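Student: Sequence:
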Amino acid sequence: MSLANKRIVDPVLTSLARGFSQPNLVASQLFPDVSVEKEGGKVPLFNKEAFRIYNTERAIRANSNVINPEGINTVSYSLTEHDIAYPMDYREVNEDIRNLKVYATHVTTETIKLRLEKKVADLVQNLSSFPSGNKVTLAAGDKFNNSASDPVAIFETAKEAVRKKIAKRPNVAILGASSYSALKNHPAILDKIRYTQHAVITPQLLSALLDIPFLFVGEAVYSDDADVFNDVWSDNVVLAYVPVKSPNAERSLYEPSFGYTFKKKNFPIVDVYSGEGNKVEFIRNTDIFQPLIVGSDAGYLINDTNS
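My numbering puts the sequence shown at residues 362 to 668.
Don't read these hints as lab results, they were simulated from the structure. This structure is a prediction, so every number in the text was calculated from the model and none was measured. Treat the hints with caution; some may be incorrect.
EDC-like, lysine to aspartate or glutamate: derived pairs with alpha carbons at most 20 Å apart [stated by the list, open to error]: (1) 545 / 580; (2) 496 / 511; (3) 625 / 394; (4) 626 / 400; (5) 624 / 394; (6) 529 / 616; (7) 480 / 580; (8) 626 / 398; (9) 496 / 665; (10) 624 / 471; (11) 553 / 517; (12) 480 / 586; (13) 624 / 442; (14) 545 / 592; (15) 399 / 442; (16) 479 / 592; (17) 496 / 521; (18) 625 / 444; (19) 479 / 444; (20) 525 / 572; (21) 625 / 611; (22) 403 / 616; (23) 626 / 394; (24) 626 / 616; (25) 640 / 456; (26) 399 / 611; (27) 496 / 483; (28) 624 / 611; (29) 529 / 517; (30) 640 / 453; (31) 496 / 517; (32) 480 / 400; (33) 529 / 572; (34) 504 / 665; (35) 480 / 585; (36) 479 / 586; (37) 553 / 511; (38) 479 / 394; (39) 504 / 592.
Sequences are here, hints too, so could you generate the full structure?
Tutor: This is the structure in structure tokens:
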């Protein structure tokens, strides 16, 4: 019953890992994946030129409309390998080979996806990631759990700030779980549904009320070294413009967006290898990526929403 003493890429488990989606993880909504061939390189930083709507009409015998280039700025990316393995004793494998391998694939995939979620959350909940005018730390009177505040006006200010810089309104919002809890119980929000058929605020209803096409709640938690659970997404709101993916094409890094997760092409992969003595087999998940803000003008941070 010895196990093969070499690394074997498993196409079935790899396919399973690539299709795995954890419902409470939202980083990919803000930083969608784009495939890159190399682990390092340069990508364009999107400025106003990338988002601007130009006048393209031309009268008879008039000169052509010419873009006045602002210059192309780039940022370097360097992908990092993320690797985690799940051990299975040969006796466990013999008892339940298919389900245990599927379970191990889910665990390793979820572990790496949670790491990505944390990296994105840390990046976009940092005030220094946003330019002047695209961030606010709420004063006591404006906080969402202050019944006298006006959260709708705060969202409108944020949307208008982005629109003025890129000529597009943010279409994605990520709310920390505590921010969402305070917002859905706010009198100003409840008053808006008083005369509708809806009795309970949901993310979908809040999306419609705030006129933000895609609204998500960051529910993920992580455990620190002391086994204390913490929210990945704090009491913050991130709004951003992210292009809607075409159903028939892969995303392109040249499409203007707030951010992307640059991922090595054909990853993640799941492989199987044997431990010393061939009595323990490991299901290993490997992914190579880096999340990066490429259009900071397309994002806005509402910081510290609760008291």
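Student: Compare the structure with each hint and give your call.
Tutor: Now for the hints, and whether the structure bears them out:
no.: 1; hint: 545 / 580; result: holds (15 Å)
no.: 2; hint: 496 / 511; result: holds (17 Å)
no.: 3; hint: 625 / 394; result: holds (10 Å)
no.: 4; hint: 626 / 400; result: holds (9 Å)
no.: 5; hint: 624 / 394; result: holds (6 Å)
no.: 6; hint: 529 / 616; result: holds (14 Å)
no.: 7; hint: 480 / 580; result: holds (15 Å)
no.: 8; hint: 626 / 398; result: holds (6 Å)
no.: 9; hint: 496 / 665; result: holds (11 Å)
no.: 10; hint: 624 / 471; result: holds (17 Å)
no.: 11; hint: 553 / 517; result: holds (15 Å)
no.: 12; hint: 480 / 586; result: holds (17 Å)
no.: 13; hint: 624 / 442; result: holds (10 Å)
no.: 14; hint: 545 / 592; result: holds (18 Å)
no.: 15; hint: 399 / 442; result: holds (13 Å)
no.: 16; hint: 479 / 592; result: holds (10 Å)
no.: 17; hint: 496 / 521; result: holds (12 Å)
no.: 18; hint: 625 / 444; result: holds (14 Å)
no.: 19; hint: 479 / 444; result: holds (16 Å)
no.: 20; hint: 525 / 572; result: holds (17 Å)
no.: 21; hint: 625 / 611; result: holds (14 Å)
no.: 22; hint: 403 / 616; result: holds (15 Å)
no.: 23; hint: 626 / 394; result: holds (10 Å)
no.: 24; hint: 626 / 616; result: holds (18 Å)
no.: 25; hint: 640 / 456; result: holds (14 Å)
no.: 26; hint: 399 / 611; result: holds (17 Å)
no.: 27; hint: 496 / 483; result: holds (15 Å)
no.: 28; hint: 624 / 611; result: holds (13 Å)
no.: 29; hint: 529 / 517; result: holds (13 Å)
no.: 30; hint: 640 / 453; result: holds (10 Å)
no.: 31; hint: 496 / 517; result: holds (13 Å)
no.: 32; hint: 480 / 400; result: holds (18 Å)
no.: 33; hint: 529 / 572; result: holds (13 Å)
no.: 34; hint: 504 / 665; result: holds (8 Å)
no.: 35; hint: 480 / 585; result: holds (15 Å)
no.: 36; hint: 479 / 586; result: holds (15 Å)
no.: 37; hint: 553 / 511; result: holds (12 Å)
no.: 38; hint: 479 / 394; result: holds (16 Å)
no.: 39; hint: 504 / 592; result: holds (19 Å)
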